[in-house]
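Take the given structure of chain A and dock chains B, C and D to it, following the hints.
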Amino acid sequence: MKVSYFPGCTLRTKAKQLDKYARRAAEALGVELEEIENWQCCGGAFTTSTDEIATKLSSVRALNEAKVKGQPLLSVCSACHNVLKQTNDAMKNNADFAFKANNYCEFEENYAGETEVIHYLELLRDKIGFDKVKEAVKNPLTGKKVAAYYGCLLLRPGKVLQMDDVENPTIMEDFIRALGADPVVYPYRNECCGGYVVMDDKESAKKKSSKVLESARLAGAEIVLTACPLCKYNLEKSGMDMPVVYLTELLAEALGVKED
Amino acid sequence: MQRIGVFVCWCGSNIAGTVDVQAVAEALKTEPGVVFSTNYQYMCSQAGQDIMKQAIKEHNLTGVVVCSCSPRMHETTFRKTAAAAGLNPYMVEIANIREQCSWVHKDMPTGTEKAIILGKAAIAKVNLNTPLTPGESPVTKRALVIGGGIAGIQTALDIADAGFEVDIVEKKPTIGGKMAQIDKTFPTLDCAACILTPKMVDVAQNEKIRIFSYAEVTDVKGFVGNFTATIKKKARYVKEDVCTGCGICTEKCPQKKVPNEFNLGMDNRRAVYIPFAQAVPKVATIDPDHCTMLKTGKCGVCAKVCTAGAIDYTQKDEFIEENYGAIVVATGYNPISMDKFDEFAYNQSKDVITSLEYERLMNAAGPTAGKLLRPSDGKHPHTIVFVQCVGSRCSACDEKGKEYCSKICCMYTAKHAMLTRDKYPDTDVYVFYIDVRTPGKSFDEFYRRAVEDYGVHYIKGMVGKVMPEGDQLKVRASDLLANKQINIDADLVVLAAAIEPDKSARPLATMLTASMDTNDFFTEAHPKLRPVESPTAGVFLSGACQGPRDIPETVAQAGAAASKVIGLLAKDKLTCNPCVASSNEIMCNGCSSCANVCPYGAITYVEKEFRQPDRTTLVRRVASVNEAVCQGCGCCTVVCPSGAMDLKGFANNQIMSEVDAICK
Amino acid sequence: MQIENKKPLIVAFCCNWCSYAGADLAGNNRLNYPAEVKIIRVPCSCRVNPMFILRAFQRGADGVILCGCHPGDCHYTSGNYYTRRRMALLFSMLDYLGIERDRTRVEWVSAAEGAKFAATMNDFVEKVTALGENKRLEDLRCKK
Amino acid sequence: MENKNLREEIIRRSGVNPLKCMRCGKCSGTCPAYDEMEYHPHQFVYMVETGDIEPLMNSKSLYKCLTCFACVDRCPRGVEPAKLIESVRLSVIRQQGNNHLNTDTIPDIIDEEMPQQAIVTALRKYNK
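Protein chains in written order, with numbering that gives the first Met the number 0: chain A, 0 to 259; chain B, 0 to 663; chain C, 0 to 143; chain D, 0 to 127.
Just chain A, with the same shape it has in the complex (with noise of 0.2 Å):
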């Protein structure tokens, strides 16, 4: 199975471990995943004001690179995803949106939303399925709690992603348990970190981060995973003792392939 792969910018710098061990991860599942050519920064946010066109452009080229190839568009950062997402939406969906988008970008068809996009979760669950990810383990994490901490990005809005329910999702416990670990439950796994506000207001963002991961706590958690640098960021600026790693190191563990 091929797919069109999105990094994103943090992860070809602070995050290279995200990238590293899905590049890994996929290899072992036997997926190769095709690095958009030029790929351009998503904007880290999708900008929901209707009158916005130029931000969302790079996402728009991504998009249609991927038609193009007839593939779908992966990506693992919590952001691109989102974004990705959101835009392909608009494309679908938002008529003039799309036309303003289709005659900057002026490819040799318009685009319109054809693109599929998908999160590295959603790989693993829709096309290569958990059953199969657990047959390819062969380092089982047995025993360890593992807290699934979702942020706002992945799920919402709702409508739009349609990766889970938003509420009550289920998509990463059921990763957590195919790698053999037990996943932890927690009401705040679906509750924002603090996001970019880091930037202009720290301690807002350490009361949001410190919440998430003493909720994790009190549910027995050792462990947190998470799919997005700046989760991970704002959960160890915290200043909580709670180890929060990425799920695709802890899948590249799991399948043993972390190690050089």
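Just so you know, these hints were derived from the structure itself, not from any lab. Treat the hints with care, as some may be off.
What the hints assert, rightly or not - As a list, the in silico BS3-like pairs of lysine-lysine whose alpha-carbon atoms are at most 27 Å apart:
id, chain 1, residue 1, chain 2, residue 2
1, C, Lys115, B, Lys527
2, B, Lys473, A, Lys206
3, D, Lys127, B, Lys483
From a predicted model like this one, the values you see are computed outputs, not experimental measurements.
For chains B, C and D alone, kept in the frame of chain A given last:
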């Protein structure tokens, strides 16, 4: 040539506001056949009707056109008026210049112009009208009530009281419905069982009433006065007439882990069960999905312990056909699923429950024997948060909630809060509300008592998220009046779930050709003036199948529906709609096209002798319409290749002349 | 001849049980739609003979719309299924004759859908207006 | 009059219809940034609706919204308050010299581990 009178109604300013009625009356005066034209303030008033009667007599009118409101409103009125003046009522046509003209257009010239055209179309039609005489059909003097909740029970009792036979079809093993699950009733706080179970017993003992419990209506044919319903009596594997209801089988059955639907799955029942102590009929039912004997053929304990010999594992579903003159729909409601509202953590914590579940927790016959204990750990909750409007007034997306107000939640929540504070004064009770809606007799006083006398904390705002943490539920909510976000550590959260029509209503509506609104509530024939009748003749509505309502309203409507049924069944003959199909035998070639499309089987073929021009006789096969069975849809008229079939009252040439008049 | 400012002429056939009641509801709720729409009441949408529609075009109608109960909800059980098939045939024939597809429409409007009725009529009139006058089927002999 | 235009612009740009709001306050009941905000999500909806926009534009609440979309997903009426807040914020930062984040101070804010994602997102949210 007809002699037509035109009567233009002002309807006060409803029509006259946007239509120059004078000009309309004037313009229509010169139409072919019109000999009289006038306008009046309220044609439907006595004075207006008198004007019509007088004009009919004075001008020897043979046809009448009333330019007024919708024919659905006053066609019958004006037809009666015409009949009183000696004119055939079917010589009256209505031009709808209110709903379809003055109310939807804004300026006078446009409205007037359109009203004149609509008037001309009606005149063109009346010119081709012929006097019609309605036929008659017999009435089967029995009624069918679908649904055995309080609505169905009350309707059945009232109809039986008037001396007519009634059958109740209830899909559950017992009648009683939702009311049987309720603990106390607002605003008087009498115990629901105490007032409901005597009625259930009355039903069982009434010799005019038969109960088909654990049964469903699978097919309905026929029309008002002459329905035939097929009832599926599901196999309950217990002989109903032999079982004494002693309940020994329900104690000995080894299959103990079946969720008890009567207590909403909060405790278990056996595979053979009687839903509750006062069930009617009080007979056991075997649940085939859980019975070991039925699934594997090994067990048979219930048959061994049954002294009456009532158990019969070989029972099959049974279909019976019954005839009825009237059908009452009383299929009721259900709370909606809370799956889409997991911000309230219904699926994440056992201590987040719906109001109906709370009702069972409070009930002495419920899973906790009436003690208020949390489902998770059986501890007494000291802080309870009630959330109103969960799924009601929700327009965010279709599959999530319901756009309407569920109406009963404000009151039952006030009741729950009050009863909780009354029985457990050590418990803090919070109610989050958007609006408290209490328009009912003694309702607002009741709600105020909860606040003022019982100290229930009513907070204007909504709960945003419920977070189960440890053995507590962290409730995050807004207090709009304090402009604060508040956090409450609750032991129990109760969701006032929106209510929706029972799932069986939709297929039933199709069977009955009764119309429904977009929420699957049955629609009434007229929202104000015919609230308990379906637009389909002979089908009546009782209770929450028509819209959210509380018990007093349901009972009132049940009685109203019953009185309508009684009115129908009291007649020996029904006047049929004379606007039925008829075939011109000379033109008919006996091809059977019409019979093939007729949904009622109203068309048969007869061999008929025809005199030929050369004086010989020829026997031909021609269509013949049974006027009592034909409902007048007109489908046959379109398929008839020779144009022999036509529909009285909506004849081909009449509709064509309307088209011509409009397109002139 | 003044073609530019001529308002279109629309004939709407509405079944008595759903769509006519829906139109009444639009009135009750004061939902505006163009006065060009003139409604003819029929017991069921299946009562509408294709001849009526051709007649309307012949007499100068610019658009004809047929409204009935939603499929499955027909007061007469199955009438609108016949309508649906019949009109599919008729419309494809009209298409063949060069009558623009937007001049004819079948729409399901229930008694509860006043808003849908008004919205449908607004949309239909807009589309027909854009097409201009119907000249293909209009019989000039019918003109006075 | 000017205020009316501003109101129209904010509403149009957000694609939100504040009239759909039934004033239940669920958005504010669910907002994780509530305590840092001077005007809360439900007030944004109400004040935009009534045209009382000036105080919102001058409020630091604009920069406290996390765009976590909890209010958007949980609103029973589909009002989407976060989009409205973003629209008001754009009305401010699109004006000359109204960037919220001073780019000169960024080196002081960031540290070794700060992901690029944080910086680009903040620039997109706070600056023109």
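So which of those numbered hints doesn't the model satisfy? Number 3 - this is the single hint that the structure violates.
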